[in-house]
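J.: Each chain, written out:
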Amino acid sequence: MGTNFEEQFQQKIDQETKIEPKDWMPQKYRHTLIRQISQHAHSEIVGMLPEGNWITRAPSLKRKSILLAKIQDEAGHGLYLYAAAETLGISRDEMYEQLHEGKAKYSSIFNYPTLTWADIGAIGWLVDGAAIMNQVPLCRSSFGPYARAMVRVCKEESFHQRQGFESLLVLSKGTEEQKRMCQDAINRWWWPCLMMFGPPDDESPNTLQSMQWKIKRFSNDELRQKFVNMIAEQVKVLHMTLPDPDLKWNEEKNQYDFGKINWEEFKQVLQGNGPCNKERMDARRKAWEDGAWVREAANAYAAKKSIAS
Amino acid sequence: MTTKEIENPLIKFLLHLGDNALIMGHRNSEWCGHGPVLEQDIALTNIALDQIGQARNFYQYAAKLIAEKSGEKLTEDSFAYLRDSWDFKNCLLVELPNGHWGRTILKQFIVSAYKSCLYQALTSNADEQLAGIASKSLKEISYHLRWSSEWVIRLGDGTPESKQKMQDAITSIWPYTNEWTNFTDYELNILGDNHWNIKENWETILKKVFLEAGLSIPTNGYQHSGGKMGNHTEHLGYILTEMQFLQRAYPNAEW
Ligand SMILES: [Fe+2]
Ligand SMILES: [Fe+2]
Chain R
1 MGTNFEEQFQ QKIDQETKIE PKDWMPQKYR HTLIRQISQH AHSEIVGMLP EGNWITRAPS
61 LKRKSILLAK IQDEAGHGLY LYAAAETLGI SRDEMYEQLH EGKAKYSSIF NYPTLTWADI
121 GAIGWLVDGA AIMNQVPLCR SSFGPYARAM VRVCKEESFH QRQGFESLLV LSKGTEEQKR
181 MCQDAINRWW WPCLMMFGPP DDESPNTLQS MQWKIKRFSN DELRQKFVNM IAEQVKVLHM
241 TLPDPDLKWN EEKNQYDFGK INWEEFKQVL QGNGPCNKER MDARRKAWED GAWVREAANA
301 YAAKKSIAS
Chain P
1 MTTKEIENPL IKFLLHLGDN ALIMGHRNSE WCGHGPVLEQ DIALTNIALD QIGQARNFYQ
61 YAAKLIAEKS GEKLTEDSFA YLRDSWDFKN CLLVELPNGH WGRTILKQFI VSAYKSCLYQ
121 ALTSNADEQL AGIASKSLKE ISYHLRWSSE WVIRLGDGTP ESKQKMQDAI TSIWPYTNEW
181 TNFTDYELNI LGDNHWNIKE NWETILKKVF LEAGLSIPTN GYQHSGGKMG NHTEHLGYIL
241 TEMQFLQRAY PNAEW
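Heads up: the protein sequence lines correspond to chains R and P, in order.
Residue numbers for the first sequence, in our numbering: 1 to 309.
Residue numbers for the second sequence, in our numbering: 1 to 255.
Think of the hints as simulated: they come from the structure by calculation, not from any bench.
Don't be surprised by glycine CBs; every beta carbon is placed ideally from N, CA and C.
Do not rely on the hints blindly, as some may be mistaken.
Some chain R residues well away from chain P (every beta-carbon gap over 10 Å; in silico) [said to hold, decoys possible]:
(1) His31
(2) Thr56
(3) Arg57
(4) Gln178
(5) Phe218
(6) Asp221
Cross-link-like lysine-lysine pairs, in silico, DSS-like; alpha carbons within 30 Å at most [said to hold, decoys possible]:
(7) R:Lys62 x P:Lys163
(8) R:Lys179 x P:Lys73
(9) P:Lys207 x R:Lys286
(10) R:Lys103 x R:Lys28
(11) R:Lys12 x R:Lys214
(12) R:Lys278 x R:Lys103
(13) P:Lys163 x R:Lys304
(14) R:Lys305 x P:Lys139
(15) P:Lys207 x R:Lys304
(16) R:Lys173 x P:Lys64
(17) R:Lys28 x R:Lys18
(18) P:Lys163 x P:Lys64
(19) R:Lys179 x R:Lys214
(20) R:Lys62 x R:Lys214
(21) R:Lys179 x R:Lys304
(22) P:Lys136 x R:Lys305
Cβ-to-Cβ under 10 Å is the rule here; a few derived chain R residues that face chain P [as the list claims (entries may be wrong)]:
(23) Pro200
(24) Lys286
(25) Gly291
(26) Arg295
(27) Ala300
Okay, chain R solo, but in the shape it has when bound (with noise of 0.2 Å):
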């Protein structure tokens, strides 16, 4: 019988064909997905502490509606996401917890600070840019929810990521002081934001099973690649420079070789070291201990109202 499911099950992951809610799916295949969306729920939620760090701060009221607008396209991307991992059978509460209590990761890059506001299209550039590496093929995922989640999510990304170097762009012609803003955040976001893709493939674990089961289809180094090909021609049109004395165009492979990245500092901020960890953790669960007094009054007034009605 087992093998029966799980026979069907990779047939129909081999036809391409969606694998629904409520299809049978293996356990390891259900927890993989809880994990790997989650985690990009959390991501989107976390990652909204450090570009909301300048709203206030937003240097004009066109920059601050257009960076408001993002973080809460984030905020959406967060709600789709967590509604997707839901059909997996774990709730919104439960996620949360797991953030919380340190058991659910979120993308390392979210534990850097932005501290000048060139950071911020640096991060819609970067960030966003990275991002969409990794999320365009999740279009595609063997997971039916996944899958359209990330078709609304990867629409938006792109736009920010647009609008991110733009940011930039117009620093890049600005003052002396303005350009040299945009080349600190660069510095500072660059190294970073290569971690982003994970470990590299011989180190990262999960990478084999997850794309025989399509809910992965290019691994960590693929995708770091095809983003330094993509960063190192756009940062030309910026007048910039990325902080890699080894990146050099390498004719013979029709790629950017690049530089050695340091992955004992991915793995410090991992282990909850990196500049921010702290501040990011400490104010989501602020943020949900300061609101447990709201949901609380919510829930008793619908459950008055449903008893009256």
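Chain R is fixed; fit chain P with the ligands onto it per the hints.
T.: Same frame as chain R, now just chain P with the ligands:
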């Protein structure tokens, strides 16, 4: 900004409307990423965005009028970023700190209720552009009013704790309510006889929602004012310090 004193009542009125929207939007935006429920975080950010959009419309119109009158070239950002607190004409209520979620909602409710009445009156104003901005904004405001009313009722009629928190919030906010309908000369100049309806309609909405929420309105007590004439609370200086930082630190840069 070199226009030290703007004496034209319409321009003053536009700045008053713009400042109310901007500062309220600024306070709302402080919640972004920190709300108690993700959906409501999005809703409040949306309201912040709407209000900043309204402020931009009023400022743009004011800039146009000033250019016509004096040739001085200003933009929406000149008003937001390059004035000091004495030039701001918003009511004091919008600059008060947010406090907890319920207090923020309460402020938004009181302001949305007022704006729904004011903007309704403005839709028939003789100045067509002002009337146009008002009727465009009115759609947004009726959503803000519905959303905030629902939350005032939900929290007022939720748990004993939430009821107490809302009642305390009303007590602390109430001294900042009369200012809204204590009309200045520049408001009366633009509103004309319409202003009587505004006060009455506003009170009707407040009473109705507070009644449904089981919350009571304080009947007396001192009422603060001065914002409309540029006399603000200490809070506004900090809002401006934060908001204007980049424009002040790097003058004349394009962003
Ligand atoms: Fe996103
Ligand atoms: Fe994004």
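J.: Confirm or reject each hint.
T.: The hints, checked one at a time:
1. Taking the minimum C-beta to C-beta distance to chain P, about 24 Å, the non-interface status of His31 of chain R holds against the 10 Å cut.
2. Thr56 of chain R, annotated as away from the interface, has a beta carbon of chain P within 10 Å; the closest lies near 5 Å.
3. With 10 Å as the threshold on Cβ separation, the claim that Arg57 of chain R sits away from chain P is violated: the shortest Cβ distance comes to roughly 5 Å.
4. Look at Gln178 of chain R: its CB is around 6 Å from the nearest CB on chain P, not clear of 10 Å, so calling it non-interface is violated.
5. Consistency note on Phe218 of chain R: stated as away from chain P, and its beta-carbon is indeed over 10 Å from all of that chain's, at 30 Å minimum.
6. The claim that Asp221 of chain R lies off the interface holds: its Cβ sits roughly 32 Å from the closest Cβ of chain P, which is beyond the 10 Å cut-off.
7. Between Lys62 of chain R and Lys163 of chain P the alpha-carbon distance is near 38 Å, which puts this suggested pair outside the 30 Å criterion.
8. At most 30 Å may separate the alpha-carbon atoms for a hinted pair to count; Lys179 of chain R and Lys73 of chain P meet this at roughly 27 Å.
9. Of the pairs offered as hints, the one joining Lys207 of chain P and Lys286 of chain R is violated, with about 34 Å between alpha carbons and a cut-off of 30 Å exceeded.
10. For the suggested pair Lys103 of chain R and Lys28 of chain R, the alpha carbons sit about 18 Å apart, so the restraint of at most 30 Å is met.
11. For the hint linking Lys12 of chain R to Lys214 of chain R, the alpha-carbon distance of about 11 Å falls within 30 Å, and the restraint holds.
12. For a cut-off of 30 Å, the pair hint linking Lys278 of chain R to Lys103 of chain R stands: about 14 Å separates their Cα positions.
13. A threshold of 30 Å between alpha carbons decides the hint, and for Lys163 of chain P with Lys304 of chain R the separation of about 14 Å falls inside it, so the pair holds.
14. Taken as a hint, the Lys305 of chain R and Lys139 of chain P pair is honoured in the structure, with Cα atoms around 28 Å apart against an allowance of 30 Å.
15. Distance check on the hinted pair: Lys207 of chain P and Lys304 of chain R sit about 22 Å apart at the alpha-carbon level, within 30 Å; holds.
16. Straight-line distance between C-alpha atoms of Lys173 of chain R and Lys64 of chain P comes to about 28 Å, which keeps the hinted pair within the 30 Å bound.
17. As the CA atoms of Lys28 of chain R and Lys18 of chain R are separated by approximately 17 Å, the hinted pair is consistent with the 30 Å bound.
18. A C-alpha spacing of about 47 Å is found between Lys163 of chain P and Lys64 of chain P, which places the hinted pair above 30 Å, so the restraint is violated.
19. Note on Lys179 of chain R and Lys214 of chain R: the hinted pairing is violated, with a Cα-Cα distance of about 43 Å set against a maximum of 30 Å.
20. With a C-alpha separation of about 41 Å, the suggested pairing of Lys62 of chain R with Lys214 of chain R is violated against the 30 Å cut-off.
21. Using a Cα cut-off of 30 Å, the hinted pair Lys179 of chain R and Lys304 of chain R is violated, with the two alpha carbons roughly 58 Å apart.
22. Proximity of Lys136 of chain P to Lys305 of chain R is assessed by CA-CA distance (about 34 Å); at most 30 Å being required, the pair is judged violated.
23. Contact between Pro200 of chain R and chain P, as hinted, is not supported at the beta carbon level, the nearest pair being about 32 Å apart and thus beyond 10 Å.
24. Against a cut-off of 10 Å between C-beta atoms, the interface hint on Lys286 of chain R holds, since the closest Cβ of chain P lies about 8 Å away.
25. Given the 10 Å rule on beta carbons, the hint for Gly291 of chain R holds: about 2 Å separates it from the nearest Cβ of chain P.
26. About 6 Å separates the beta-carbon of Arg295 of chain R from the nearest beta-carbon of chain P, less than 10 Å, and the hint is met.
27. Annotation: interface hint on Ala300 of chain R holds; nearest CB of chain P at approximately 5 Å, less than 10 Å.
Of the numbered hints stated above, those contradicted by the structure are hints 2, 3, 4, 7, 9, 18, 19, 20, 21, 22, 23, listed in ascending order.
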